[in-house]
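So the protein sequences, as listed, match chains R and F.
The numbering of the first sequence is UniProt numbering, which starts it at 1 and goes up by one.
The numbering of the second sequence is UniProt numbering, which starts it at 1 and goes up by one.
For the record, the hints were derived by calculation from the structure and aren't laboratory data.
A portion of the hints provided could be inaccurate.
Each pair may be met inside one copy or between any two copies, as identical chains are not told apart.
Claimed, not checked - Computed list of lysine-lysine pairs in BS3-like fashion (alpha-carbon distance at most 27 Å, straight line): (1) Lys401 with Lys127; (2) Lys127 with Lys300; (3) Lys300 with Lys203; (4) Lys401 with Lys550; (5) Lys401 with Lys437; (6) Lys437 with Lys127; (7) Lys394 with Lys550; (8) Lys437 with Lys394; (9) Lys394 with Lys203; (10) Lys301 with Lys127.
Number of protein chains: 2
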Amino acid sequence: MTGRTERLREFFPILEWARDYDRGNLTGDLTAAAIVTIMLIPQSLAYALLAGLPAEVGLYASILPLVAYTVFGTSRALAVGPVAVVSLMTATALAPLGLSSVTEYVAAAGVLALLSGMFLVAMGALKMGALSSLLSHPVIAGFISASGLLIAASQLKHILGIPVSGHTFPEILVEIFVQFGRTNVATLAIGAATLAFLFWARKGLARALVRKCNVTQHFASTAARIGPVFAVIGTTFLTWALNLPELGVAIVGEVPTGFPPLGLPGIDTSLISQLVAPAILISIIGYVESVSVAQTLAAKKKQRIGPNQELIALGASNISSALSGGYPVTGGFARSVVNFDAGAETPAAGAFTAVGLLFAALALTPLLFFLPKATLAATIIVAVLSLVDLTILKHAWDYSKADFAAVFATMALTLTMGVEIGVASGVAVSLVLFVWKTARPHVAEVGQVPGSHHFRNIHRHQVLTDPAILTLRIDESLYFANARRMEDLILARVHRNRDEIRHVVLMCSAVNEIDLSALDSLEAINQRLRDLDVTLHLSEVKGPVMDRLKRSHFLDHLSGRVFLSQHEAFHGLKGADTVAA
Amino acid sequence: MTGRTERLREFFPILEWARDYDRGNLTGDLTAAAIVTIMLIPQSLAYALLAGLPAEVGLYASILPLVAYTVFGTSRALAVGPVAVVSLMTATALAPLGLSSVTEYVAAAGVLALLSGMFLVAMGALKMGALSSLLSHPVIAGFISASGLLIAASQLKHILGIPVSGHTFPEILVEIFVQFGRTNVATLAIGAATLAFLFWARKGLARALVRKCNVTQHFASTAARIGPVFAVIGTTFLTWALNLPELGVAIVGEVPTGFPPLGLPGIDTSLISQLVAPAILISIIGYVESVSVAQTLAAKKKQRIGPNQELIALGASNISSALSGGYPVTGGFARSVVNFDAGAETPAAGAFTAVGLLFAALALTPLLFFLPKATLAATIIVAVLSLVDLTILKHAWDYSKADFAAVFATMALTLTMGVEIGVASGVAVSLVLFVWKTARPHVAEVGQVPGSHHFRNIHRHQVLTDPAILTLRIDESLYFANARRMEDLILARVHRNRDEIRHVVLMCSAVNEIDLSALDSLEAINQRLRDLDVTLHLSEVKGPVMDRLKRSHFLDHLSGRVFLSQHEAFHGLKGADTVAA
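Could you build the full structure based on these sequences and the hints that come with them?
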């Protein structure tokens, strides 16, 4: 294979798997596509409503993006489309624009997808996938859980049939509390029944099917996954048959049939600048969510996904969503798991799902007229509550207070200030605490573990020491934020046993970097110790650090030596003293 | 000494040195005070003009702050008052307020000093002195040099006698270039002559005095330091005698005699919120500059200064400056060095200087009427150019590209975007590069140095290895920003020799922290290696890291063992293999 073909394959992973595509793949992919299509119809409508968009926009956002991911994506099971968190973030981004008409609102959502897609492609081209690692696991976990709670709360209004305008968790709860008396009974009946059915479907349906209908476990759990479809069919029928809209039950109403013409969304250019920051945040969150799902599924089949190529693939998906009347999309957890479990072998399953959804958009939308919004809200609530995992709080608390602070800040601020501030604060808190910790490093006074060449903390191990030799192991890279502190700490320690100490050895096994500020501090330490007639030595300096020290004048000024190992330092200096004595 | 007295002494260092004050101290302090007073009169006038304030405000800012520092300060030689960089920052902070009257402008400068003082005292009370360590040495050096160039450029208009309104280095140079033809010849003559004299005084005067007048080296260099006073007297006399204002030479003019009434500066409260951010920045920069000077001088006499008490002292100085009609102050380099060289023994020298300056404010100001502004500008130019040290660029480039990036960003942005953006960018660049570096850590494959218990990089040293045992030394704390990368890197390395490797040992001597995200990655590595029938071991895990691992379930899942030393790991596993073979 020439280098050029290889690069082409890297950019179009489809060339890799399409070559060996066979009948076995086709069967698996078609089955998975059929199941995912059925599951996605209510889900995509529901998420569009969550984003504040007309229901059909959810369908549009589920078709071309799937095809784009089929061409560019590296995961064999990921299903791209509207997801809960990104839909919520879309609503948050569009709310402050104050758009009056639905057309404008839809166009703005399209622009958001376009900007997000362009940003993702640019990140991919620059191989900046690693940037997403700034989101720590606790921050992601906290953010997803808090978003789940926020989304569930925001859907309660549809279950109760009351208007709620708040955007934060406390605002929403207070409004619901105040207006509880105005609950629409028929809406609540539909909503509560759907919720009850969906919760049961998730837990009990599969078990009941296996026990009573004698089907396989696999079939039963797939049937349980498409529970929302039964709820949609059942409640739509009931609403039509009992004429529930007359009792105040809100329904989806007329959904246009067909597919919008392809083209760029039209929007007042002055609004674009306001959408850039939200688009970047949506891109990063969407990317992290998608890559986590893809990696989890790939690990099960020992496949690998390419983080930078995934940026390109998600970027292409968002751009195609923008061109086809959709809104921001990413790889979703639930849909990908269903796709995987139902036997998807290659990304072609996604393309087949797209065909199924296109058919739905062209032919099935009239059937959705009597679909109650409460049903869709119940679907969302059940889906997002499964994302909520508050045990991360206890887990982080037990393991490390810094991790707890990050997850707590993320959750508290997401619930009270919104998703954008929440996630940004989580990242900021994580970084600040990291710098804070490295600025206050652990320093251990060490001695020799008897009978070994190993040196450990004198307070934790039984070790041999020499009163004339003070050995300090510095447990951090030396850099500007801790250089001065280290200087004070070492000199203060020497002053405590000023009469005995003849040598100070800095054991640098954990010093991965010495920057220019720290070099100045080392020079100062060397000079101050020289004034006290104490010699400064270094031991176990790593290769890259030593290379850099050699480029400075520090080693010329150093009063003592640089030892390869702490063992050599300790025994070399003990010897020197005996001779001197 | 009771604990209470000790705490009192910590808060009022004056109690410490005043107890043992003797005639020797008095002589030294009085001599130093006399010299510093003479030097400070022109300097404080000049810096006030640099800040855009009437000249007398510089005198006011030099009196009470010195007294406050005498009471609270821990440095024995630091002289507090107006300094170049803080004066420039004051001008930058006040310019956007658009104040029309001089009275309002002076009041706003006072408020800036008050806010800065309150912030410093709060930082001191919270023992937050370490926060200033976020300013790395290269950032400070770059900032001081760039500020020096900026200040020198800003003073050229006074030397040429042309109006210049730009605030950035390129703006100023362009305006001067365009208006060069409008230069006032008499002003240029005064300015250029003063510049020439001051540069000569700095370099040649001391040498000439020693050679021709047979004075001591010490006297000669002190005389050279007060060169500006001769320039002030000479040019003032000439301007009066030749009636130069008629030829367009700008003069200081009427300076009110006396001292303003003590009290809070009056200002529209709506302006206060705009001054908070600049006040914080001025506080931090001023503190860093002052503490560097104090520490340099203290080291020469083996004294120590207390960083947190210095915050209190500088805060008190700024508050007293605000109460007495002054503007933000800090410990200055030039004045402190002169004070030190002239023999100041205790902070009392500062109090004596304050008395001298009070006399100047009360009696000498009428003599300043004919003082040309060009003379003061020349004084500033010579003073600030001595701060400019462009070798830091080469020095940082040679040592580390990250340090170079920080110093370059600081200098370039200070010159082109102003001091506030410049220093903030320097800090941001330093932090981002630190995170960037730690996110991409060095990982060394290590083997045993023959005849020792020491393990080093196989690419740098002749070492013993075993094909069944892969030992990787991870040269960084494991945390969210590098966890995923580390996971990929370790697994990719194992895949390269998948058939041979039976054991992977992670040597953790440089791992100072494992956060929750990294713990998840370690779990994943353990699981993936287990799938490949490879055992994962850890060695040389530090005490604090081990404590934390014990609080998680990781050690229960770990397929291999945790060894105290890498030597034990290597020989233990080699033995295990022999048995297994």
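Hint check results:
no. : hint               : result
1   : Lys401 with Lys127 : between (33 Å within a copy, 21 Å between copies)
2   : Lys127 with Lys300 : within (26 Å within a copy, 51 Å between copies)
3   : Lys300 with Lys203 : within (24 Å within a copy, 76 Å between copies)
4   : Lys401 with Lys550 : between (39 Å within a copy, 15 Å between copies)
5   : Lys401 with Lys437 : both (11 Å within a copy, 24 Å between copies)
6   : Lys437 with Lys127 : between (29 Å within a copy, 16 Å between copies)
7   : Lys394 with Lys550 : between (48 Å within a copy, 16 Å between copies)
8   : Lys437 with Lys394 : within (21 Å within a copy, 31 Å between copies)
9   : Lys394 with Lys203 : within (25 Å within a copy, 68 Å between copies)
10  : Lys301 with Lys127 : within (25 Å within a copy, 54 Å between copies)
Every hint from the earlier list agrees with this structure, and none is contradicted.
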